[in-house]
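Participant: Residues per chain are reported as follows:
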Amino acid sequence: NAGVTQTPKFQVLKTGQSMTLQCAQDMNHEYMSWYRQDPGMGLRLIHYSVGAGITDQGEVPNGYNVSRSTTEDFPLRLLSAAPSQTSVYFCASSRGKTSGNTIYFGEGSWLTVV
Amino acid sequence: GQSLEQPSEVTAVEGAIVQINCTYQTSGFYGLSWYQQHDGGAPTFLSYNALDGLEETGRFSSFLSRSDSYGYLLLQELQMKDSASYFCAVGGSGSARQLTFGSGTQLTVLP
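Protein sequence lines correspond, in order, to chains W and U. Using the numbering used here, you'd call the opening residue of the first sequence number 43 and step up by one each time. Using the numbering used here, you'd call the opening residue of the second sequence number 203 and step up by one each time.
There could be a bad hint or two in this list.
Unchecked claim - Between beta-carbon pairs, the in silico distance windows are: (1) W/94 with U/216: 21 to 31 angstroms; (2) U/256 with W/59: 30 to 40 angstroms; (3) W/80 with U/283: 39 to 49 angstroms; (4) U/223 with W/126: 46 to 56 angstroms; (5) W/86 with U/276: 37 to 47 angstroms; (6) W/59 with U/268: 16 to 26 angstroms; (7) W/47 with U/219: 31 to 41 angstroms; (8) W/104 with U/216: 20 to 30 angstroms; (9) W/154 with U/211: 38 to 48 angstroms; (10) U/268 with W/56: 18 to 28 angstroms; (11) W/58 with U/260: 47 to 57 angstroms; (12) W/137 with U/221: 25 to 35 angstroms; (13) U/272 with W/86: 15 to 25 angstroms; (14) W/149 with U/209: 23 to 33 angstroms.
Hints listed in this document are in silico derivations from the structure and should not be mistaken for laboratory results. Note that the coordinates shown come from a computational prediction; the quantities given were computed from them, not determined experimentally. By construction, the Cβ of each residue, glycine as well, lies at the ideal position given by its N, Cα and C atoms.
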């Protein structure tokens, strides 16, 4: 059982470039989220989805887009990369609402914007 | 909004007991969760408290007092592999009960 799979693991972007972080889960979870984690800080919610076709903004959504065309996939798009978006990105899924249900995280994507 | 406070670092010796505290301020409260994260790894779920009291899972226990907006994670019989960051998180009132995470406590277990 693969769980939550993120790609790529590492990426270096130039300022202004765009890219998509891929996330897929095979647990048939309705809830999926993207977080970013900066050094010495906790995880901050970027965007989340409560089901296919439904997405909403989290705490730090600016500069990111998401879509949820299937239950399995929840890609995160950086529209025009900025150095401030250098971070570790985690995709996560849960069977139900994220509080009260175990959240399963992917292994993370290390992004550097130069 | 929501905010959480937890100590940035805690150090203990192998075999000891350590308590990591977490205080929170939230406009809507839907439980307190704890996550463990080893360096370079993904966070993993440890425990969840929706009601006041103690929840025990093996060597780990978690406590919640809603009236004090306070909780803690208790780790017993510390092992070297317990060296990691520990995050508390509170669920909010949004549609997904989105979690807001604390900044994490780096636990170092010494031999």
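Participant: Of all the hints given earlier, name the ones this structure violates by number, lowest first.
Facilitator: 1, 2, 3, 4, 5, 6, 8, 9 and 10
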